[in-house]
Amino acid sequence: MNFWRLPTIRADAFAVWRRNILVWRKLIGPAILMNFGEPILYLLGLGFGLGHFVGEMDGMPYLAFLASGIIASSAMTTATFEGMYSVYTRMDPQHTYEAMMATPLEVDDILVGEMIWCGTKSLFSGIAILAVATLLGVVDGWQALWVLPVVFLIGLCFGGMAMVMSAFATNYDFFNYYFVLAITPMFILSGVFYPVDSLPELAQGAVQLLPLTHAVAMTRPLVAGGELTMPLLHIGVLLLYGGLGFYISVVLVRKRLLV
Amino acid sequence: MGLQPVVSAQGLVKTFGSHRAVDGIDFDIPRGSCFGFLGPNGAGKTTTLKMVLGLSPQMAGSLQVYGLQVPDKARQVRARTGVVPQADNLDPDFTVIENLRTYATYFGLNPSAIEDRLERLLEFAALEKRRDSKTDALSGGMKRRLIIARALINEPEMVVLDEPTTGLDPQARHIIWSRLNELKEQGTTLLLTTHYMEEAERLCDELVIMDNGRILDQGSPDTLVHRHVEPEVIELRGEKTRGYAESAEKHGCRVERLGSSLYCYTNDSGAFINELREIHGLTFMHRPTGLEDVFLKLTGRELRD
Numbered sequence: 042m043n044f045w046r047l048p049t050i051r052a053d054a055f056a057v058w059r060r061n062i063l064v065w066r067k068l069i070g071p072a073i074l075m076n077f078g079e080p081i082l083y084l085l086g087l088g089f090g091l092g093h094f095v096g097e098m099d100g101m102p103y104l105a106f107l108a109s110g111i112i113a114s115s116a117m118t119t120a121t122f123e124g125m126y127s128v129y130t131r132m133d134p135q136h137t138y139e140a141m142m143a144t145p146l147e148v149d150d151i152l153v154g155e156m157i158w159c160g161t162k163s164l165f166s167g168i169a170i171l172a173v174a175t176l177l178g179v180v181d182g183w184q185a186l187w188v189l190p191v192v193f194l195i196g197l198c199f200g201g202m203a204m205v206m207s208a209f210a211t212n213y214d215f216f217n218y219y220f221v222l223a224i225t226p227m228f229i230l231s232g233v234f235y236p237v238d239s240l241p242e243l244a245q246g247a248v249q250l251l252p253l254t255h256a257v258a259m260t261r262p263l264v265a266g267g268e269l270t271m272p273l274l275h276i277g278v279l280l281l282y283g284g285l286g287f288y289i290s291v292v293l294v295r296k297r298l299l300v
Numbered sequence: 037m038g039l040q041p042v043v044s045a046q047g048l049v050k051t052f053g054s055h056r057a058v059d060g061i062d063f064d065i066p067r068g069s070c071f072g073f074l075g076p077n078g079a080g081k082t083t084t085l086k087m088v089l090g091l092s093p094q095m096a097g098s099l100q101v102y103g104l105q106v107p108d109k110a111r112q113v114r115a116r117t118g119v120v121p122q123a124d125n126l127d128p129d130f131t132v133i134e135n136l137r138t139y140a141t142y143f144g145l146n147p148s149a150i151e152d153r154l155e156r157l158l159e160f161a162a163l164e165k166r167r168d169s170k171t172d173a174l175s176g177g178m179k180r181r182l183i184i185a186r187a188l189i190n191e192p193e194m195v196v197l198d199e200p201t202t203g204l205d206p207q208a209r210h211i212i213w214s215r216l217n218e219l220k221e222q223g224t225t226l227l228l229t230t231h232y233m234e235e236a237e238r239l240c241d242e243l244v245i246m247d248n249g250r251i252l253d254q255g256s257p258d259t260l261v262h263r264h265v266e267p268e269v270i271e272l273r274g275e276k277t278r279g280y281a282e283s284a285e286k287h288g289c290r291v292e293r294l295g296s297s298l299y300c301y302t303n304d305s306g307a308f309i310n311e312l313r314e315i316h317g318l319t320f321m322h323r324p325t326g327l328e329d330v331f332l333k334l335t336g337r338e339l340r341d
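Just so you know, the protein sequences line up as chains A and B, in that order. Each number in this note's numbering comes from the position in the first sequence (counting from 1) with 41 added on. Each number in this note's numbering comes from the position in the second sequence (counting from 1) with 36 added on.
Among the hints, a few may not be true.
Listed below are the simulated EDC-like cross-link pairs for lysine to aspartate or glutamate, each with C-alpha atoms no more than 16 angstroms apart in a straight line [as the list claims (entries may be wrong)]:
1) B:179 - B:152
2) A:67 - B:159
3) B:333 - B:268
4) B:179 - B:129
5) B:333 - B:282
6) B:286 - B:311
7) A:67 - B:134
8) A:67 - B:168
9) B:170 - B:234
If you are wondering where the hints come from, they were derived from the structure by calculation, not from laboratory data. All of these numbers come straight from a predicted model, not from anything done at the bench.
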């Protein structure tokens, strides 16, 4: 068997996505609390608290600056949690994938379904933050709705990357490495809280390699207004990270489960 | 077509590092039969089942299921096969009926179009009253029955069962056996692994005895018993048995020792039994031989870990 062959994308994957959304519906209370609660805390706490001292940032109220960045970082963390803790739980302790693989579903279908589900959860989080930001009056206009397909794409990207970690993991503690070494630095450095051009020059170049930088570069002008520059570059970077993550995770999960 | 075996395997090999889990096995499974793999832990039984499903690609040899090459056509094979895994892998986020519905979608089936079938399966599993229970609330026997019902959702031609009754109490085990017999009567081919002799004797038309990745022998339970062991055995137990080996051999018995027990295999037990009856305080048991004796003879009596 060739573990390295390119993944096949089939409509069968929707059975996996459907399973996840049915489970999500059962736990909708805590899910919605998570979607609204966390961004509201950030926006009110930091936006009003810090915003009082900061005033404007990059030519816009700090609350608008923050909201348009948080929508990207929340998409990242939502998809990352789903792609790691949830995917790993279904793959290892819960044996859900084993049950699925006794049917015509293959590893490729399962991970396509999971990745689309990561995008879907990021989309839910994006809708919640956009609603809160609109109520706070920091959304620039109807063009902000374009941010929704973008957060879906951000979810695909970070979901794909997180699944690589799941494929390597032998326990939950392993995920701490990825959080401390990848997710938290991106959260701090990628322009969510301040513009990246305020970083030292060397660091500015480095953060351009991070997918969250490109995610924020799209969500900020779409939500808070301003010119969206080089959208194809940003989309390309997210697709590249997500696509590579997906391919690597498919190969690793094949090696892990087809023994 | 009817005479073509459901599964046909030639020279299957699977190694994990230097360990040869399956070491060149051949077998054919006739349609409508119950075919068993009997062997100690680590014999290669589960690996063989996974190979049949295309979930553990073989390193050498050829394998056809329903005339399709595996693993190349494994998706088509699995679409027509039911699987009962060794460990419980029901979906704990769903109720009994939701487990069946969701599993149907993995086969591309629309659950609302097969409501009748789902009801029949609930009845088959005797779980009508537990349809809305979470699976965590089910007993071990109920979970097994649900897993078997789940394996029938695609109306499979063959059901593959990996140690279907391990860990169940006798009542639960008997219900499972009767359900499996019903399936067999309906013409479903059954492929099962077990290390329970009783299970193999009750269910299997044909079985292979496996050890260390090889097939030691194949046949119906009766054939195997006749081929390998004498019709009767006398088991002597306790510390006093030591001295009787010689006497048993004098009576023409083939003697085997396991711990402090002595097993005397014989074609004619009469004279030896009469002699034993004279001795006070000696515990012995006289019984017809069965698969267990064949199994122990072929795979040895050492402990397996």
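Hint by hint, here is what the structure shows:
1. B:179 - B:152: violated (21 angstroms)
2. A:67 - B:159: violated (26 angstroms)
3. B:333 - B:268: Holds: residue 333 (chain B) and residue 268 (chain B) sit about 14 angstroms apart, inside 16 angstroms.
4. B:179 - B:129: holds (14 angstroms)
5. B:333 - B:282: Violated - the C-alpha atoms of residue 282 (chain B) and residue 333 (chain B) are around 20 angstroms apart, more than 16 angstroms.
6. B:286 - B:311: holds (12 angstroms)
7. A:67 - B:134: holds (12 angstroms)
8. A:67 - B:168: Cα-Cα ~14 angstroms, so holds.
9. B:170 - B:234: violated (32 angstroms)
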